[in-house]
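Engineer: First to last, the protein sequences are chains H and C.
So for the first sequence, the working numbering puts the first residue at 1; every next one is plus one.
So for the second sequence, the working numbering puts the first residue at 1; every next one is plus one.
Treat each hint with caution, since some may be false.
Which copy is meant is left open, because identical chains are indistinguishable; a pair holds if it fits in one copy or across any two.
Below, in silico cross-link-like pairs of lysine-lysine (DSS-like), each with a Cα-Cα straight-line distance of 25 Å or less [unchecked claim]:
1. Lys88 x Lys198
2. Lys37 x Lys58
3. Lys198 x Lys109
4. Lys251 x Lys380
5. Lys4 x Lys37
6. Lys37 x Lys54
7. Lys248 x Lys109
8. Lys54 x Lys4
I should point out that these hints are in silico values taken from the structure, not numbers from a laboratory.
There are 2 protein chains.
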Amino acid sequence: MIAKLISIGDEILIGQIVNSNASFICEKLYRIGISVKRVVTIGDNEIDLIRDLKDSQKNYDLTIITGGLGPTHDDITKSILIKFFNDKLVKNPDVLKKIKKIFRIRNIKLPEINIPQAYVPKKSKIIWNRYGTAPGIWYEEFNKVFIALPGVPFEMKEMIDNKVIPLLLKRFGKSLKTKFKSITLLSSGISESELFEKLGDIKQITGHTKLAFLPSLIGIRMRLDAEGNSLNEVNAKLSNAEKLIKSKINKYLYGKNDDLMEEINGKILIRQKKTLSVAESCTGGLLASKITDISGSSRYFCGGVCTYTNKSKIDILRIRDSIIKKYGAVSEEVALEMAKNVRDKFCSDIGISITGIAGPTGGTKLKPVGTVYIGYSDNKNIFATKFLFGTYRERNRQRAVMSALIILHKQLTNSKY
Amino acid sequence: MIAKLISIGDEILIGQIVNSNASFICEKLYRIGISVKRVVTIGDNEIDLIRDLKDSQKNYDLTIITGGLGPTHDDITKSILIKFFNDKLVKNPDVLKKIKKIFRIRNIKLPEINIPQAYVPKKSKIIWNRYGTAPGIWYEEFNKVFIALPGVPFEMKEMIDNKVIPLLLKRFGKSLKTKFKSITLLSSGISESELFEKLGDIKQITGHTKLAFLPSLIGIRMRLDAEGNSLNEVNAKLSNAEKLIKSKINKYLYGKNDDLMEEINGKILIRQKKTLSVAESCTGGLLASKITDISGSSRYFCGGVCTYTNKSKIDILRIRDSIIKKYGAVSEEVALEMAKNVRDKFCSDIGISITGIAGPTGGTKLKPVGTVYIGYSDNKNIFATKFLFGTYRERNRQRAVMSALIILHKQLTNSKY
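In isolation and in its complexed conformation, chain H is listed as follows:
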């Protein structure tokens, strides 16, 4: 069973927003065995949408459209759908009641322009929108399903999870014979080409699974895709390929699928009953924020300081003024003191520090933009590592944080990769 997504919105085509709705829906469909073969983004215009609806009717079992269901003049999806399906709009009292309630709760008089949202296509079923005023639409014609959802991510996501996926499973569950599954192995400290060479005869792996290499800031991700008639068959294929890969490059693998380095470190810290604190300069809270992204991080994360100025390094972290004067705030010496002192300050087992020049300004000949020192301190080891990243501020900050997480991981696991 194959599907197509249509995202509607000029804001995507002029590059103002990233189409993250599409990836969300792709993933949810993939998980229930529906394979998205095409994602199309078009503007708020009738000709393109009609052209795509025709293509959908011909080539895809399922089409999901997002966007263009709002209350304002630029929202045209509903009117084009009723034209395409030769349908008309009828007032739905339940939807109207719901819309009225939403505004009552917000203590706002119902705006006139929201009333047309209570009119829905006669031949369609309604998909209830828990968080917003625009209901979703489910058309079934010529044995093909067309679904239209609002483009507001928060509303769309709830509808996909709690309404659309269950409805699709009910409608197509039995016909979803082919099962799909993918796993991703996460590596660090090795390039794509080296990985490929170390894996040797790739056909051993790709005989029964698809293998794709996806570079990221932290390393290369390897995605394995398999399909088969049963979940057992698919799992066996994936597990064989995984074993094969592990037998060749295990020491470079740190996790699987959606595992995040910060999450893996957290689990190890809990297991080893260790606590952590961080001192940041150029990353300005980004490392702490990544660590606390993880629910439950309060079990091992004591906290952090962001000492963005020299004065705050001296006042808050008690870095010696003489050290800063002699070596500069971006130096191995300051990184070492920051890691040691933050560990003392928070009474944690491990202290990590980052000091560097994120850019675009602040670089010198000896210490160009992208120079970053990362310090590590525990009850046995203390060291600082120098990195030279690139010229882009945001990327430098991200790479510094990732490198700090990798250093922590190496220390926690005694790895030498």
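Since the structure of chain H is already known, use the hints to place chain C on it.
Structural biologist: Leaving out everything else, chain C in the frame of chain H:
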């Protein structure tokens, strides 16, 4: 002149990554007056790509393909292109030299699999790739341009900015008669429907410009698009529409285009010669990290503490133990002390604090997940505001940070919106 983008990669179709390459290219093309009318994502498969190349040849002046140029077996773009254009691959010595150099710098022996990347289609021009081993490809056939670029964002972005855009301007500059431009007005503290009603007769605005409403966590963005034969004409249209909107809802507008609230606050802080520090609990460094995203933030941002545990609140921020015991760590009282004490600690003019329950665990009946207190302190005012957000951890953290930035903005500008 109209364009289409083709993004190749199974990883997008299964929802593993978001197609941010497409938005980047869309924006760059839009700025030089090339209008992207369609973005298509397909898998690493020949049939779909050929189908799209045919569609491109028929309907679009320019097609840009990203992805599938890497060294591994799943990269098939080049072989499909030479098939489609009835072409063949020839070795390019310059590219080979470049690839060898890349590995020499990394101190790695040239992997066998990278050598085929030095073979390029005979009829095409090469687009030099500064950061990677895969060169880009420029085909021109039947007066239509086809460009293929690597999918690695870092490599692709450099090529678009420094090679593709200049080449397109050289090739099509004269024929780009119609000029496009868009501006976005950023509002906060008002809903989409209220905004729409306050704007009154929308046709006054949409007569000469397109108007779209785009909700975000911080408020509603209003994008105005205009086109015309000269930049002067386009600017006049936009400026009229902007004036009209400002005359009706000026007090809700805080910025324009890519302005970020944290950047606007930064500019005001510099102008008012004020400094800032922050104390965070549930947002764990996210507010500090947003503030230091802005280059030059060291001029006004002294730093922050992330006191993630009660102990660290007491030890580092000197919050009274009795207050925490009596009111709880998530309370107006603790938020007030955090804002006041962080201001003292960093000797800054303003202190801001966030304490709350991000979730998914930690909620109680009286203080459910999503309860957040934001504290503010300067030499005249001190207050804390309670918020009740939703149930999603990540969204709660984001909304807390955005709300803190809005509170700071209101205080800096004496606004009452």
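Engineer: Now look at each hint and say whether the structure bears it out.
Structural biologist: Comparing the hints with the structure gives:
For the identical chains of this complex, Lys88 and Lys198 are neighbours neither inside a copy (61 Å) nor across copies (30 Å), given an alpha-carbon limit of 25 Å. Taking identical chains as interchangeable, the C-alpha atoms of Lys37 and Lys58 lie at most 25 Å apart whether they share a chain (14 Å) or sit on different chains (22 Å). Proximity of Lys198 to Lys109 under the C-alpha cut-off of 25 Å is restricted to the inter-copy arrangement: shortest distance 13 Å between copies versus 66 Å within a copy. When the C-alpha separation of Lys251 and Lys380 is checked against a cutoff of 25 Å, the pair qualifies only within one copy, where the shortest distance is 24 Å, while the shortest distance between copies is 58 Å.
Both within a single protomer and between protomers do Lys4 and Lys37 lie at most 25 Å apart by alpha-carbon distance, with minima of 6 Å and 18 Å respectively. Proximity of Lys37 and Lys54 under a CA criterion of 25 Å is satisfied in both settings, with 16 Å inside one chain copy and 17 Å between copies. When the C-alpha separation of Lys248 and Lys109 is checked against a cutoff of 25 Å, the pair qualifies only between copies, where the shortest distance is 19 Å, while the shortest distance within a copy is 65 Å. Taking the shortest Cα distances, Lys54 and Lys4 sit within 25 Å of each other both inside one copy (12 Å) and across copies (19 Å).
Hint 1 alone, counting from the list given before, is not met by this structure.
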